[in-house]
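Undergrad: Residue 440 in the working numbering sits at position 218 of the first sequence, and the numbers go up by one each step.
If you're looking for bench data, these hints aren't it; they were derived computationally from the structure.
Heads up, some of the hints might be wrong.
Said to hold, decoys possible - In silico DSSO-like cross-links for lysine-lysine, where the CA-CA straight-line distance does not exceed 30 Å:
no.: 1; residue 1: 853; residue 2: 806
no.: 2; residue 1: 1248; residue 2: 886
no.: 3; residue 1: 1202; residue 2: 1248
no.: 4; residue 1: 789; residue 2: 806
no.: 5; residue 1: 1202; residue 2: 853
no.: 6; residue 1: 789; residue 2: 335
no.: 7; residue 1: 941; residue 2: 1246
no.: 8; residue 1: 867; residue 2: 886
no.: 9; residue 1: 1184; residue 2: 1194
no.: 10; residue 1: 886; residue 2: 1184
As the list claims (entries may be wrong) - Between beta-carbon pairs, the in silico distance windows are:
no.: 11; residue 1: 636; residue 2: 1268; range: 23 to 33 Å
no.: 12; residue 1: 772; residue 2: 792; range: 39 to 49 Å
no.: 13; residue 1: 900; residue 2: 789; range: 52 to 62 Å
no.: 14; residue 1: 386; residue 2: 806; range: 44 to 54 Å
no.: 15; residue 1: 765; residue 2: 901; range: 32 to 42 Å
no.: 16; residue 1: 854; residue 2: 957; range: 39 to 49 Å
no.: 17; residue 1: 792; residue 2: 656; range: 29 to 39 Å
no.: 18; residue 1: 856; residue 2: 692; range: 21 to 31 Å
no.: 19; residue 1: 814; residue 2: 856; range: 39 to 49 Å
no.: 20; residue 1: 714; residue 2: 783; range: 27 to 37 Å
Each residue gets a CB set at the ideal place from its N, CA and C atoms; glycine is no exception.
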Amino acid sequence: MSLDSSRSGNSKRSFSNSISSNDYIKKKKKKKTTPNQKTLGAAWGSKSNSRKPAFSDFASYMTEKNRKLHNQFEAQASTSSLTLSASLFSGVSIFVDGFTIPSNQELRSYMLKYGGRFENYFSRHRVTHIICSNLPDSKVKNLRAFSAGLPVVKPTWILDSVAANRLLSWVPYQLDQLANNQPKLSAFFTLKSSKMSEDAYTNDLCQVVSDIEDSSMRVGRSDSEDRHSSKVGDMSELSGQISTESDDTIPENTNAIMMEELTSVREHAGGSNAATKDERNVKGELEPAHQAPSTSFSTPCSDELNVKEYPNSSGTKPSKQCHSTLADPNFVENYFKSSRLHFIGTWRNRYRKRFPTLSTGFNNESANNSASDISHNSVIIHVDMDCFFVSVVIRNHPELLGQPVAVCHSNNSNGTAEISSANYPARSHGIRAGMFVRDAKALCPHLVIFPYNFEAYEEVADQFYSILHQRCKKVQAVSCDEAFLDATDSEVEDPELLASSIREEIYKTTGCTASAGIAGNMLMARIATRTAKPNGQYHITTEKVEDHLCQLPINALPGIGYVLQEKLKKQNVHTCGQLRMISKASLQKDYGMKTGEMLWIYSRGIDNRLVGGFQESKSVGADVNWGVRFKDIKDCEHFLINLCKEVSLRLQGCGVQGRTFTLKIKKRRKNADEPAKFMGCGDCENLSHSVTIPVATDNVEILQRIVKQLLGCFYIDVKEIRGIGLHVSRLESAEASKQGTVKYTLKSWLTSGYASIENQKYPMGHDKQNRDSTCSRACRDLPGSSVEMDNKIPNNQASTNPISTPPPLCNLDVEVIRNLPPEVFSELNEIYGGKLIDYIANSKSTSENSSPSGNSFLEQAIKKEEELSYSKPVPQNNPLSKNKAKQNEAGTGEGEAVPYSVCGPYFKLPAHRRAEICSNVVVAPPLENHSLSVGIEISENFPGSSYHDNLWAGNPPNWVGKFKVSSCLMLKKLAEMYYKSGLTSTLSLVLHQIISEFYELNLAQQFSDETVNIMCELLRQYIKVKIERDIEEIYICFRLLKRFAAKSQFFLQVYNSVCPYLQATVDDNYGGTLLL
DNA sequence: ATCCTCCCCTAC
DNA sequence: TAAGGTAGGGGAGGAT
Ligand SMILES: Nc1ccn([C@H]2C[C@H](O)[C@@H](COP(=O)(O)OP(=O)(O)OP(=O)(O)O)O2)c(=O)n1
Ligand SMILES: [Mg+2]
Ligand SMILES: [Mg+2]
């Protein structure tokens, strides 16, 4: 993707999509000179091109296989020993209907292993659950009829139950089409299925047209005759003969029509061309037969042509303009539903979920044989679906074979919608993925446009991978339409035979063709696939590597994109052969060590990577760089709240939590033209700020607070924003935290603490004083030209001085406390200096809050520790309920700061008592109390004088006026910063702002104690205001102050004076001290 | 030297 | 109208 200016800084080159389209055209012209890809024969035997027979073949094959497996099942079941989990599925007897992910064999083995039954044949008496993946509607209706009320459940129910080690409710796993209310996570993880009716139609049609395909595609079987030659099988070549030789002789009746999903076609009464009419006819024949049983599925939601609608997605805003953040309050969600790039970008995560065992890494086992010379005998196959998005949506339109077709949101001949995929006839006109549809139409006016069908892509991808996993043990997923197989140890001797049979099965199962490249390593296999396409396969044997690469343009090498290609072009390198002329040392000098190495070995066809599964993901994020327009800050904040929700859901969906949060903003570049693309981001500066917190979280409210602060760092006019992204990194497994393995203890919070706010692109305040060079000077003044605040506390301090404080009262679970045995209670009460009894008395009796929502990350950290060390609930017999409304929550949303559990105090119990109650507790030395008492002193009796004023009241806050007229330059500066930072009463932003002017201040200047006191009071009052609701803000402020303290006597004194109070207050509220 | 952070680049 | 996302690799340059 090339946005108008994804490039940073002052790069001159800023290209729009239309320009890059031109790039494509040029490249294309060059490519056109490459020899026509001829094929030597058709692949897969004429008998199996009809889809229906293909399916039944597949089914009977599976049945046979299952029979065998059933025998094995019985055998194994009788001998397998019972384990703890062996009764997981006791009483559950599943019948697997149709194609599933994972395969029915896998499901069967799960059932066997965990005490369930697996039925090969449906029987109402024996089967308790029908397991089924999403199906076409027609099938669903049948299924519904015959299931007779039995639950029809998706296979993930089994997987998740196994993962959870308990039998989960099947309700949330009901088949989408059968469930009234499918619980939804986000558009990200569940593909909604509102277009099912169209799907059903598509499948039905498929069976009808299969005859046509059969007769029109006289494909012969001949996959043996081209061993070691080149291409095997090419149906489109044949169909090319049938239709037309030239791309320019496309029948007129398809001119500029939009091949809509057929349900939509029906709406267009005028159906003026043959193809449309035919379809309508076909549909008319089929529909009644299959849709009779139930009408509830042919929902009206498919009326809208290109906009996907999902039943449960806030069914409020059905029509209207959903094309920008201005018009659509639910923009984030709706946008992602329609985004192709979102679809392919998130596919990997869905795959992970569907193939949990198969997608994990397995390349280590063979690491030994490969270290030095991997090439020696490896056989790698690369399989890639041909023009995937197009193939899927036109598989039931034989009349379009040989005609140029593309998938795109729009058919507007001067629109700026992007082509997602173009079939091969279209490519011969120069049409490419990523082009604007208007450019594509200019190249080929009779280009046929189809809309997206994401469900179908998902389904085909599942079938694709199911086949691959079935045929090969080592599969590495590249994308939804593409994978590597390590066929070195395959049972099938001949890799070409393996490849062709896999391709055949893919075609029979999906109705779409795939191509395959075979070679000794992944690089060459991938390169071979290019030659093989479309619908062919190609084997680059070791001897042929040299020849193949010699003339190959360098951008055919994976890893060489636009930029690298241009750089190499400047060195007059255009082909791999030329690239080889350059020494490795030279390449490494010019392009870096790894890149240089990569260029050197790739140009020689060397690639030592191993086929392997996925590794753990390192970051999770969401970007929206289209349709983003805000009229005011409210718009922007609303959008960010939704973006946080999205990211939080994704984190949870991945089972991870993160510590570093980065907010990216695309800001319209000054004097930039209107974006070439409708609602696009155009020419932008890319800005970003990030913050790292000490404990990983996936909590949406924490995210929202962090993001709000990050947004403040930009000092940006929201009208200038053209794109926003939120990314989370430094991921940790959420599972691990729940299981309480070491990671998340209060101790770790306080000792590994590290927070930073960084302006990555520009130093602080850049936007305000845009091209003010003094600003960058100011920032260079700070280490790393950022305000990153490092935690310098040595690690050993953590271990020698573990946290010794009890958790704050507010974190205690009132219910649990009430239920403590009296003697334990009084011990605890002592620990809390008698406050516990009051606390309990004042607490609401309800404290149901299982999720950590609304808690600061500190609270969460504490909670985690508690969870890990406190296990058993205590019997109920406590006399201590007074049930007064909790008072201490003024101004806070209800339900926040709700108590959790009671473990913390046990830290202070004597060892033997601790052992009694909780055997696995961190040993903690006694609490040192001095800071606490200091804190109380300060907060309780701060002297009168002017400090008494509420410095944070008013607008602007009172302190601003006071500081403005102060004789102290530093205070004046702060007041000034208040205005500069956009009238924010968020202190961290004001402090942040002052950084950019730090250099101006005479840091050694004189200041009075009085000045220090005023500043201290400001901070104390701030702490008071924020401590309950926003400890993050306090944390960040004090990290900043600490930074300042290193440079300024003034701030040093302030910092030293206030810190004790800060720590006491934190201790009081949270039972710990902040590590600054 | 080695690590870490902030980006850019690439691929689908 | 239109849905320009996502995540990993790695280079440059600073911190250690
Ligand atoms: N810029 C792009 C690139 C790809 N895709 C989507 C549509 C493609 O169909 C799918 C797979 O990408 P491929 O690179 O495999 O391209 P195709 O499968 O379309 O064509 P080919 O036959 O070259 O594989 O990803 C997209 O939407 N936009
Ligand atoms: Mg493809
Ligand atoms: Mg692909």
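Undergrad: Name the hints, by number, that the structure is in violation of.
TA: 1, 6, 7, 10, 11, 12, 13, 15, 17, 18
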